[in-house]
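Protein chains in written order, with the working numbering: chain S, 1 to 147; chain X, 1 to 147.
To be clear, the hints were calculated from the coordinates, so they are not data collected in a lab.
Misleading hints may appear alongside valid ones.
The list treats identical chains as interchangeable, and a pair is accepted whether it falls inside one copy or across any two copies.
[To be verified] Derived lysine-lysine pairs resembling PhoX-like cross-links, with alpha carbons at most 25 Å apart:
#1 LYS40 with LYS142
#2 LYS100 with LYS142
#3 LYS11 with LYS100
#4 LYS58 with LYS11
#5 LYS66 with LYS142
#6 LYS66 with LYS11
#7 LYS40 with LYS19
Remember, it's a predicted structure, so these values are computed and weren't measured experimentally.
There are 2 protein chains.
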Amino acid sequence: MPDILHRVGIKSSPEAVYKALTTIDGLSHWWTDETRGDSKVDGVVHFQFGERGFFDMKVLELAPGKRVLWQVVDGPAEWIGTQVAFDIRQEGEYTIILFKHEGWQEPIEFMHHCSTKWGVFLLSMKSLVETGRGAPYPNDVKIDDWN
Amino acid sequence: MPDILHRVGIKSSPEAVYKALTTIDGLSHWWTDETRGDSKVDGVVHFQFGERGFFDMKVLELAPGKRVLWQVVDGPAEWIGTQVAFDIRQEGEYTIILFKHEGWQEPIEFMHHCSTKWGVFLLSMKSLVETGRGAPYPNDVKIDDWN
């Protein structure tokens with residue numbers, strides 16, 4: 001089954017990156033400004049994108065400074081049951097994130113869109129952690145007619 | 001085998017996008033400014049990224065306004081033999097590009113990097129066609145310690 005993969009390097013500490021991935025405040029400053037819920041293990045975080053839709057992510061794993069794993073429990077049908085993993089490690093002056101969104105049934109056109117869009121949001125996180133300013137929805141970089 | 005997938009929508013005609021994908025001038029304004037070679041079918045285009053490396057792409061298919069297919073004939077070992085496809089169609093005021101880089105043997109860390117970087121360069125192409133100004137290497141968006 002096809003996966004979405006990305007690699008981003010952030011000039012900061014694993015702790016700062018982990019904070020951006022695991023707090024409602026952090027998440028709301030790089031993915032969507034309408035983020036709420038419980039970001040602890042077994043909690044569910046709700047990511048709303050205006051009237052366009054939403055994702056509900058159950059937090060499956062949290063390893064401080066090392067790994068975050070979510071499972072999609074509600075949202076677009078093609079996303080439900082898929083998993084989103086962020087593996088983090090230090091490499092010189094960078095913190096490297098290896099990103100994987102796995103469990104897609106088919107490489108549909110929506111998956112192509114989500115792949116590009118994940119890249120855009122990961123670079124928003126890089127900007128947030130490095131400069132204090134990300135570009136979360138609704139001020140995210142638009143990539144196509146699906147936004 | 002895993003593929004790299006992307007979807008970008010460009011507010012312009014399929015002909016303008018096709019030109020950016022199939023002329024040395026177009027390619028040199030969104031991917032790398034050191035682009036040379038023969039961009040016709042059976043030709044090889046050489047994409048140089050300073051001292052970092054290069055890709056040699058043999059042009060396998062050209063369907064004007066519809067599809068471009070390249071095969072990697074020289075460059076990083078993991079890229080050789082892989083194929084890069086751009087499928088183009090009009091959708092309202094957008095030209096949609098479905099991108100696929102297929103034939104990777106394994107989902108190695110370098111593949112994660114290339115996935116993010118392809119997204120960055122496709123958005124550079126979008127900017128080039130929409131505004132006349134892309135961000136090709138060496139002025140591309142840097143994503144990690146591998147650039």
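A quick look at each hint next to the structure:
1. LYS40 with LYS142: So LYS40 and LYS142 fail the 25 Å test inside a copy (30 Å) and across (32 Å) alike.
2. LYS100 with LYS142: both (21 Å within a copy, 20 Å between copies)
3. LYS11 with LYS100: Classified as within: same-chain Cα gap 21 Å, cross-chain 30 Å, threshold 25 Å.
4. LYS58 with LYS11: This pair counts as neither: shortest intra-copy Cα distance 28 Å, inter-copy 37 Å.
5. LYS66 with LYS142: Answer is between: at 23 Å across copies they meet the 25 Å cutoff, but 30 Å inside does not.
6. LYS66 with LYS11: The answer is within: 16 Å in one copy meets 25 Å, while 40 Å across copies does not.
7. LYS40 with LYS19: Within one copy only: 12 Å inside, 50 Å across.
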